[in-house]
Amino acid sequence: MQMNPPPTLRYPALMTRAPLILQTPQGLYCPEGEFHIDPMGRVPRALITHGHSDHAARGMGSYLCTHQALPVIRHRLGKITAEGIAYGEQRQIGGVTVSFHPAGHVPGSAQIRIERGGEVWVASGDYKTAPDALCEPFEAVRCHTFLTETTFGLPIFQWQSEVCVMGQIARWWQDNAARGVVSVLLAYSFGKAQRLMAGLAGIGPICTHPVVEAVTDILRHQGYALPPTRVANGAPPQGALVIATPNAMASDWAMGLGPHEVAAASGWMALAARRKGTGAAFVLSDHADWAGLNAAVAATGSEQVYTLHGYTDPYAAWLRSKGLSAEAMS
Amino acid sequence: MIRFAQLLAQGTPTPDAFSAYMTQVDPQESEAAQRLLSGQRPTRLAPAATLLGWVAQATDTPDFLIDACLKICPDKAELAALLLPPATGTTPSLAQSLANLTSAADYLTLARSLPPEARILFNRLASGTFRAKLAPPTTTPQTPGHCLAILTLIDPSGPTATFALPHGAALVPLTRLRLTIPGTPALLAWARANVTDRFGPLRQMPPTQVFELEFDGMTPNARRKSGITLLGARVKAWRPDSRAADVPTLSALLAQSP
Ligand SMILES: [Zn+2]
Ligand SMILES: [Zn+2]
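Chains W and Z, in that order, give the protein sequences. The first sequence lines up with residues 0 to 329 when you count with numbering that gives the first Met the number 0. The second sequence lines up with residues 0 to 257 when you count with numbering that gives the first Met the number 0.
The hints are simulated quantities; they were obtained by calculation from the structure and are not laboratory data. Computed from a predicted model, the values in this text were never measured in an experiment. C-beta atoms are modelled at their ideal positions from N, C-alpha and C, and glycine is treated no differently. A portion of the hints provided could be inaccurate.
Quick list of in silico lysine to aspartate or glutamate cross-link-like pairs, EDC-like style, CA-CA up to 16 Å [said to hold, decoys possible]:
1) Lys224(Z) with Glu211(Z)
2) Lys235(Z) with Asp196(Z)
3) Lys275(W) with Asp215(Z)
4) Lys321(W) with Glu302(W)
5) Lys275(W) with Asp62(Z)
6) Lys321(W) with Asp74(Z)
7) Lys321(W) with Asp59(Z)
8) Lys70(Z) with Glu302(W)
9) Lys235(Z) with Glu213(Z)
Quick list of simulated restraints, FRET-style, between CB atoms [as the list claims (entries may be wrong)]:
10) Gln237(W) with Gly38(Z): 56 to 64 Å
11) Ala57(Z) with Pro130(W): 24 to 32 Å
12) Ser320(W) with Lys224(Z): 40 to 48 Å
13) Lys224(Z) with Gln237(W): 52 to 60 Å
14) Gly127(Z) with Met248(W): 33 to 41 Å
15) Gln91(W) with Thr108(Z): 40 to 48 Å
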């Protein structure tokens with residue numbers, strides 16, 4: 000895990016100064032920089048951590064995100080005023096210095112670092128500490144205050160290694176292929192779908208739903224290492240793997256697949272209740288698991304943690320029980 | 000244990016899924032699975048709440064986190080399975096898992112070595128809440144039968160004996176069974192006096208003694224030389240009246256299976 004040079008950790012007047020990031024009805028807001036982070040309500044200036052729809056919404060005056068995140072965000076949001084920034088590049092915005100650092104969640108995803116006179120806050124966005132075959136690996140950023148996501152912030156969420164899960168999926172695919180049945184893997188069209196392709200490259204033909212193919216094509220042109228894929232129109236070739244969104248399976252498109260088995264790949268598949276009704280289930284998440292969250296918080300060296308998304312209260316209580324100052328950001 | 004967990008992943012297995020499973024696992028595993036699915040349960044080690052308590056303590060998980068977890072995972076057997084970190088090392092078999100389970104320490108060692116789906120199943124077995132059961136016709140898909148077999152090896156510590164059937168010029172091992180018949184002491188005395196070779200705990204003797212075996216069914220098993228596993232097999236009687244040369248061949252036995 001790479002680390003940025005640590006800031007001076009005991010900032011003397013830390014507690015008395017105004018917070019660098021606040022929660023507002025539109026989303027996270029930095030008053031001194033006059034910008035929002037991943038806003039959902041219309042605002043003049045938005046810094047975007049990544050292209051998922053719960054982070055990048057239409058209607059902002061301007062957008063700033065990493066160069067790597069920008070093409071998919073443009074594809075999804077249409078005509079927007081947007082600018083890219085390199086990972087690690089520092090930019091002065093109002094009274095603060097801002098930089099973006101890899102979050103390991105999806106291609107181009109970033110944590111946003113905000114500094115004012117030696118005081119550092121980091122908003123994590125969504126992140127995953129374990130590496131995968133596709134996206135820029137997570138980098139811990141030293142800070143005084145860390146805003147961490149807690150989508151899977153309970154100790155029941157402990158992921159097996161990437162290699163192990165891809166092996167399980169490959170075996171399921173090969174078993175189906177041996178029986179002459181097509182394998183359909185359900186995944187988000189951006190991020191998870193391409194991570195699966197990258198992790199399963201070289202085993203057999205990979206086909207896609209058109210929505211998945213569009214995003215895949217953009218990422219491939221950006222230079223991400225992705226295996227060849229083609230859109231499944233009608234029956235896919237013998238023994239193929241088809242990557243589709245859950246919605247696609249409810250459409251007419253799914254009628255053309257012929258005999259097939261369906262599997263879901265998500266962190267939620269860790270729970271038996273969520274596995275009911277899916278054919279096969281693989282526990283594969285783009286978010287940090289319990290150990291990943293704890294490692295990330297420790298690596299920031301932060302004194303103060305705010306939790307966002309998912310199990311915010313229990314995770315904040317856990318950090319407090321370990322002696323940190325932590326609370327759910329509301 | 001992983002295969003047994005996969006077999007039960009979608010609820011009670013279909014007869015087809017069960018036969019496929021039986022061909023993939025070794026005889027000890029298939030016998031253990033057969034017993035469980037026919038309704039014979041292992042003795043309960045502890046209730047699920049106790050297993051969860053052991054896991055919480057072993058992982059240093061505070062009560063407030065257990066309570067938060069129970070909100071989305073109210074099944075204590077599942078929660079105890081999920082709280083342990085991902086498995087490391089080799090996975091014990093179903094038979095091994097059940098044979099070595101008498102204390103909290105045994106439980107934690109075994110549970111840690113199992114992947115999550117097998118752990119949930121293991122927790123149900125350990126807490127006496129395992130419910131899957133095959134309907135009786137499915138547990139014995141083949142007709143019960145009996146056969147003559149030739150004694151080839153004895154392990155006096157069991158005591159267990161290996162029985163074999165003629166196949167061409169060779170004898171092919173068919174099954175290994177515990178000796179519980181009334182004539183066992185006399186048989187062991189004969190065996191001691193007639194040892195021709197030793198392989199670890201096993202004693203070889205001349206293939207002259209014939210036994211009658213009974214079984215509930217047979218299932219194909221590609222991993223065995225004989226190509227089959229006998230289900231629910233036991234030794235019925237020692238047959239000093241029969242000669243080894245008169246024992247029907249393996250092919251004759253296979254012809255009995257539907
Ligand atoms: Zn996301
Ligand atoms: Zn998100």
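Each hint, compared with the structure:
The suggested pairing of Lys224(Z) with Glu211(Z) is violated, with an alpha-carbon distance near 20 Å, which exceeds 16 Å. For a cut-off of 16 Å, the pair hint linking Lys235(Z) to Asp196(Z) is broken: about 26 Å separates their Cα positions. Taken as a hint, the Lys275(W) and Asp215(Z) pair is broken in the structure, with Cα atoms around 34 Å apart against an allowance of 16 Å. With a C-alpha separation of about 11 Å, the suggested pairing of Lys321(W) with Glu302(W) holds against the 16 Å cut-off.
Restraint check: the Cα-Cα separation between Lys275(W) and Asp62(Z) comes to about 28 Å, which exceeds 16 Å; the hinted pair is violated. As the CA atoms of Lys321(W) and Asp74(Z) are separated by approximately 27 Å, the hinted pair breaks the 16 Å bound. Distance hint between Lys321(W) and Asp59(Z) is fulfilled; the C-alpha atoms sit about 12 Å from each other, no more than 16 Å. A C-alpha spacing of about 29 Å is found between Lys70(Z) and Glu302(W), which places the hinted pair above 16 Å, so the restraint is violated.
Using a Cα cut-off of 16 Å, the hinted pair Lys235(Z) and Glu213(Z) holds, with the two alpha carbons roughly 6 Å apart. Between Gln237(W) and Gly38(Z) the CB atoms are about 42 Å apart, so this pair departs from the stated range of 56 to 64 Å. Range check, Ala57(Z) to Pro130(W): about 29 Å between beta-carbon atoms, so the 24 to 32 Å window is met. Look at Ser320(W) against Lys224(Z): about 59 Å separates their beta carbons, and that is not inside 40 to 48 Å.
Roughly 35 Å separates the CB atoms of Lys224(Z) and Gln237(W), a value that falls outside the hinted 52 to 60 Å. The given range of 33 to 41 Å is respected by Gly127(Z) and Met248(W), whose C-beta atoms sit roughly 39 Å from each other. The beta-carbon spacing between Gln91(W) and Thr108(Z), approximately 57 Å, falls outside the hinted interval of 40 to 48 Å.
Violated hints, listed in ascending order, are 1, 2, 3, 5, 6, 8, 10, 12, 13, 15; each of the other numbered hints is respected by the structure.
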